[in-house]
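S.K.: Sequence:
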Amino acid sequence: MANRLVTELFLERPSFKEVSQVVKSLKSVGVDTLLMPPEDRGINTHLVIDNKDVEKARGKLKELGVSALEKEVVLIELENRPGAMALAASRIASKGVNLTYAFCVAMNSKTSYVLFGGDDNAGILKALQ
Numbered sequence: 014m015a016n017r018l019v020t021e022l023f024l025e026r027p028s029f030k031e032v033s034q035v036v037k038s039l040k041s042v043g044v045d046t047l048l049m050p051p052e053d054r055g056i057n058t059h060l061v062i063d064n065k066d067v068e069k070a071r072g073k074l075k076e077l078g079v080s081a082l083e084k085e086v087v088l089i090e091l092e093n094r095p096g097a098m099a100l101a102a103s104r105i106a107s108k109g110v111n112l113t114y115a116f117c118v119a120m121n122s123k124t125s126y127v128l129f130g131g132d133d134n135a136g137i138l139k140a141l142q
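Residues 14 to 142, numbered by the working numbering, are exactly what the sequence shown covers, in order.
Computed spacing ranges between beta-carbons, pair by pair:
(1) Asp45 - Lys75: 14 to 24 Å
(2) Asp45 - Lys123: 16 to 26 Å
(3) Phe23 - Lys65: 16 to 26 Å
(4) Ser103 - Gly78: 39 to 49 Å
(5) Gly96 - Val42: 38 to 48 Å
(6) Leu100 - Arg17: 18 to 28 Å
(7) Ser103 - Ser33: 34 to 44 Å
(8) Ser41 - Asn111: 32 to 42 Å
(9) Phe116 - Lys139: 13 to 23 Å
(10) Phe116 - Glu31: 13 to 23 Å
(11) Ala15 - Gly131: 17 to 27 Å
It should be emphasised that the hints constitute simulated quantities derived from the structure, not laboratory data.
Even glycine gets a Cβ: it sits at the ideal position worked out from N, Cα and C.
Please build the complete structure, drawing on both the sequences and the hints.
M.R.: Structural data, given as structure tokens:
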């Protein structure tokens, strides 16, 4: 997976059934999602979609009556090990780019996905190349 700009959709405290319905419905209109599940079901679920699919996703979510907050962020894949996220954040800071948002989920024992955001997402992406 290449580091890239994506859109994060926040679904507020959905059940597993609701998340499943949303993901299946988005898939039916050609929107692939990356689910970044929280450890605690009492908080938001993060769905990540490619920026090119935002309009299709908005239409399908509206049809379903599901509200979601949108945020453009940078998605990166890191080795799941201590300090990996800190190293990436340090590389961004060394280029003078400020982070205002960070979210990380260990997808398995070897891989973590990180979402970084700020006023200059293109600068964040460039700093990580």
